[in-house]
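Going line by line, the protein sequences match chains U and W. With the working numbering applied, the first sequence corresponds to residues 1 to 378, in that order. With the working numbering applied, the second sequence corresponds to residues 1 to 266, in that order.
Bear in mind the hints are in silico, worked out from the structure with no lab data behind them. Among the clues, some could well be false.
Stated by the list, open to error - Straight-line distance between alpha carbons at most 25 Å, and here's what the computed BS3-like set of lysine-lysine pairs gives:
1) W/Lys263 with U/Lys208
2) U/Lys81 with W/Lys250
3) W/Lys250 with U/Lys342
4) U/Lys372 with W/Lys263
5) U/Lys378 with W/Lys255
6) U/Lys273 with W/Lys250
Since this is a predicted model, take the numbers as computed values, not measurements.
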Amino acid sequence: MSTFNNTDLAAFKDVWVFCEQRQGVMMPTSYELISEGRKLADELGVELCGLLLGDNVEGLAKELGGYGADKVILCESPLLKEYTTDGYTKVICDVIEEYKPEIMLIGATNIGRDLGPRCAARLHTGLCADCTHLDVDMDIYRDFLRSASTLPEEKIAGLNSAMVLGQKHDVSRDLKMTRPAFGGHLMASIICPRFRPAMATVRPGVMKKAPFDQAKADACQIVKPNFSLTEADMSTQVVEVVKAAKKLVDLIGADVVVSVGRGISKDVQGGIKLAEELAEVLGGVVGGSRATIDSGWLSADHQVGQTGKTVHPKIYVALGISGAIQHKAGMQDSECIIAVNKNETAPIFEIADYGICGDLFKVTPMLIDAIKAAKAAK
Amino acid sequence: MKIIVCVKQVPDTSGKVAVNPDGTLNRASMAAITNPDDLNAVEAALALKEQTGAEVVVVSMGPPPAEGMLREIIARGADRAVLVSGREFGGSDTYATSQILASAISKIGVESEDIVMCGRQAIDGDTAQVGPQIAEKLGLPQVSYAAEIKKDGDTLTIKRMLEDGYMTIKVKTPCLITCIKELNTPRYMSVDGIFECYSKPYEVFDYNTLKDDPLIDPTTIGLKGSPTNILTSFTPPQKGAGMMLEGADKETCEKLAGILAAKHII
Numbered sequence: 001m002s003t004f005n006n007t008d009l010a011a012f013k014d015v016w017v018f019c020e021q022r023q024g025v026m027m028p029t030s031y032e033l034i035s036e037g038r039k040l041a042d043e044l045g046v047e048l049c050g051l052l053l054g055d056n057v058e059g060l061a062k063e064l065g066g067y068g069a070d071k072v073i074l075c076e077s078p079l080l081k082e083y084t085t086d087g088y089t090k091v092i093c094d095v096i097e098e099y100k101p102e103i104m105l106i107g108a109t110n111i112g113r114d115l116g117p118r119c120a121a122r123l124h125t126g127l128c129a130d131c132t133h134l135d136v137d138m139d140i141y142r143d144f145l146r147s148a149s150t151l152p153e154e155k156i157a158g159l160n161s162a163m164v165l166g167q168k169h170d171v172s173r174d175l176k177m178t179r180p181a182f183g184g185h186l187m188a189s190i191i192c193p194r195f196r197p198a199m200a201t202v203r204p205g206v207m208k209k210a211p212f213d214q215a216k217a218d219a220c221q222i223v224k225p226n227f228s229l230t231e232a233d234m235s236t237q238v239v240e241v242v243k244a245a246k247k248l249v250d251l252i253g254a255d256v257v258v259s260v261g262r263g264i265s266k267d268v269q270g271g272i273k274l275a276e277e278l279a280e281v282l283g284g285v286v287g288g289s290r291a292t293i294d295s296g297w298l299s300a301d302h303q304v305g306q307t308g309k310t311v312h313p314k315i316y317v318a319l320g321i322s323g324a325i326q327h328k329a330g331m332q333d334s335e336c337i338i339a340v341n342k343n344e345t346a347p348i349f350e351i352a353d354y355g356i357c358g359d360l361f362k363v364t365p366m367l368i369d370a371i372k373a374a375k376a377a378k
Numbered sequence: 001m002k003i004i005v006c007v008k009q010v011p012d013t014s015g016k017v018a019v020n021p022d023g024t025l026n027r028a029s030m031a032a033i034t035n036p037d038d039l040n041a042v043e044a045a046l047a048l049k050e051q052t053g054a055e056v057v058v059v060s061m062g063p064p065p066a067e068g069m070l071r072e073i074i075a076r077g078a079d080r081a082v083l084v085s086g087r088e089f090g091g092s093d094t095y096a097t098s099q100i101l102a103s104a105i106s107k108i109g110v111e112s113e114d115i116v117m118c119g120r121q122a123i124d125g126d127t128a129q130v131g132p133q134i135a136e137k138l139g140l141p142q143v144s145y146a147a148e149i150k151k152d153g154d155t156l157t158i159k160r161m162l163e164d165g166y167m168t169i170k171v172k173t174p175c176l177i178t179c180i181k182e183l184n185t186p187r188y189m190s191v192d193g194i195f196e197c198y199s200k201p202y203e204v205f206d207y208n209t210l211k212d213d214p215l216i217d218p219t220t221i222g223l224k225g226s227p228t229n230i231l232t233s234f235t236p237p238q239k240g241a242g243m244m245l246e247g248a249d250k251e252t253c254e255k256l257a258g259i260l261a262a263k264h265i266i
C-alpha cells in the first residue's frame with residue numbers, strides 16, 4: 001500500500017460518496033448524494049466515485065452511474081452483509097488510504113452518523129455533521145450566501161480566505177460545508193483546510209436527486225479493490241435486524257405534509273384524524289412538531305424539524321403549530337406554507353404563505369370541504 | 001466494574017434564543033442545562049449500578065461553572081465526578097474534544113469490565129460525533145443509538161435503533177455506548193443525594209494532569225488541533241410573511257381553496 005500522508009493535500013483527488021444499502025436495497029439518500037457529488041466533482045474537475053460495501057450487491061452498482069458516478073468502488077464480503085462499525089470502518093479507511101479521495105460524503109442516517117465520525121477519527125481528518133449545503137466554487141458559494149444568509153454584500157464579496165493557524169488560507173478549492181447549529185438559530189460554513197479527505201455527513205432529503213440517465217449507468221466503471229477483513233477485525237456481533245412492523249411515514253418523499261402541533265392537545269385523537277383527512281384530500285402524509293412526538297401523540301418517524309426530518313414539499317400545512325425555530329428549520333423551504341393557529345402572533349405566520357387565525361378544530365373540516373369542492377370543480 | 005458517563009452542559013436551545021449582531025450566539029441570554037440525551041446515559045449507568053454495584057463516574061469537559069451540573073448528577077446517584085477544564089482545550093472541534101475526553105477517560109482508567117456511556121448528541125451542535133470518536137481514540141467497540149441495554153456477564157445485548165427498525169447487537173466490555181431518549185426516563189435528584197453531593201469526590205483535570213498522555217499534544221487539542229475551521233457563520237433570512245386571510249369561517253376556507261386552485265397548487 002502506498003504511504004498515507006493526510007496533510008499532503010495535492011496527493012488527494014476525486015469526490016467519493018459512501019452509498020449505503022440495507023438488505024440489498026439502496027438507501028434513497030445515496031442517489032441524492034451521488035447527484036450532489038456530481039456537481040462538486042464538476043466544480044473541481046475531478047471524477048465522482050461511489051463507494052459500495054455489502055455482500056452480493058454488485059447489481060446496485062451500475063445504477064449509481066445513472067445519477068452521475070463515473071465509477072463505483074465495490075467491496076463485497078459476507079462480513080459486510082450487515083453494517084458493523086468495525087467492519088465498515090476498516091474497509092473504508094483502507095481504501096481511502098489507498099486511493100486518496102479529496103472529499104468523502106456520507107448520508108447522515110443512523111448508520112452514516114455512526115460510521116462517519118469513527119472513520120474521520122481514524123484518518124485524523126475533519127468531519128462536518130448533518131450538512132444541508134455543500135459548495136466548492138466560490139462564485140456559486142457566494143450566490144448561496146446572498147440568498148440564504150443575512151450577511152452584508154461587502155462581507156460576502158470579500159470572502160475568499162480564512163485564518164488557519166495564524167496564516168491566511170485561500171479557500172477556493174476547499175469544500176464549504178454548511179450546516180445548522182444551535183437548533184437552527186445559526187448556520188455555519190465549515191472547512192477542513194489542512195487534512196484530506198474533507199468529510200461531511202449530509203442530511204437525508206436535503207439534496208435533490210438528478211434525473212436517471214441509462215447511458216451513464218451503462219458507462220459506469222466498477223472497480224474491485226483488494227481489501228482484507230476477517231472476523232478478528234470485528235468486535236460487535238449483529239444478532240438480528242428487524243424492520244419496523246408498521247409502515248413508516250415517508251415524510252421526506254411526500255409532496256404534501258400536514259403537520260400538527262401542541263394546538264391539538266384538547267383532543268389529540270380528533271386533531272390527528274383531521275390532519276389525516278386533510279392529508280388524504282391533498283394526497284399527502286401527516287407530520288408533527290417536536291411537542292407532539294415528545295408527548296407521545298405521534299411516533300418519532302413523523303417529526304419535522306431540526307431534530308426530526310427536513311422536508312420541502314409542495315404544500316406544507318401547519319395545524320396548531322406555533323412555529324418554534326427548531327420546527328421552522330425543518331420546513332421553511334416548503335413551496336407553499338399554510339398555517340392555521342388560534343394565536344395571531346404565532347411565529348409560524350411570519351413564514352406562512354397563507355395564514356388563517358382560528359381554531360383548527362373548526363377551520364380544518366371547512367378547509368377539507370372547500371378543497372374537495374375546488375378540486376371537483378377543476 | 002466502573003461506568004464512565006460523558007456529559008455536556010449546553011445552552012437551552014428550545015426556548016428563546018438571542019443572536020448577537022455579529023452572528024454569534026448570545027450565550028449569556030440562555031439557561032445552561034445538562035444535555036438531554038446525556039441524562040439518558042446517566043440513567044442507564046445508574047440502572048446498571050443498581051444491577052451490578054458498579055461505580056458511576058461522570059466526566060465533562062467545560063468551564064469551571066460546569067461543576068454545578070456535575071454535582072447535580074452526583075445527587076442523582078453518581079459516585080464521583082471529573083471536570084476536564086483548561087484554556088488549552090478551548091476552541092476544540094469534535095475531533096480535538098474526543099482526543100481530550102479520551103485522554104481523561106484513560107486517566108480514570110478503562111478496565112476489562114468497564115463501560116463508557118455518552119448521549120447520542122448534544123443540542124448545541126447536534127453532531128453525534130464525539131461518542132464514536134472517543135471510542136476510536138480509546139480503541140473500544142461502539143454501539144450508538146442504544147434504546148435498550150441488557151447485561152449478562154461481560155456481554156451486553158443492545159437494541160440499536162435505525163430509521164426503519166432496529167438491530168440487536170452483542171458486544172463485550174469494555175465498550176462505548178451512545179444513548180437515546182427511548183432508552184429510559186431519567187430519575188430526579190434524591191434528597192439524600194443532594195445532601196451528599198458536595199462530600200463525594202470531585203476532581204478537575206487540567207492540561208498539566210493530562211499532558212503526559214500521547215493523545216495530548218499542542219497539535220491535537222484546542223483550536224490548533226482541530227481539523228475543521230469555521231469559515232463563516234450567519235443567521236438565515238426570515239422568509240417574508242405571506243397573506244393573512246380574513247376571518248376563519250367557511251368563506252375564508254373557500255377563498256383559500258380558490259387561490260390554491262387558481263395557482264395550480266392543488
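Taking only the CA atoms, is the gap from U/Lys372 to W/Lys263 under or equal to 25 Å?
Given pair U/Lys372, W/Lys263 holds - Cα atoms ~16 Å apart, limit 25 Å.
Between U/Lys378 and W/Lys255, is the straight-line Cα distance small enough, at 25 Å or below?
holds, 15 Å
Take a quick look at whether W/Lys263 and U/Lys208 sit within 25 Å of each other, Cα to Cα.
holds, 24 Å
Between U/Lys81 and W/Lys250, is the straight-line Cα distance small enough, at 25 Å or below?
violated, 57 Å
Take the C-alpha atoms of W/Lys250 and U/Lys342, compute the straight-line distance between them, and say whether it is at most 25 Å.
Roughly 16 Å separates the two Cα atoms, so the pair holds.
Hey, U/Lys273 versus W/Lys250, does the alpha-carbon distance stay inside 25 Å?
holds, 20 Å
Hint 2 from the earlier list is the only one contradicted by this structure; the remaining hints agree with it.
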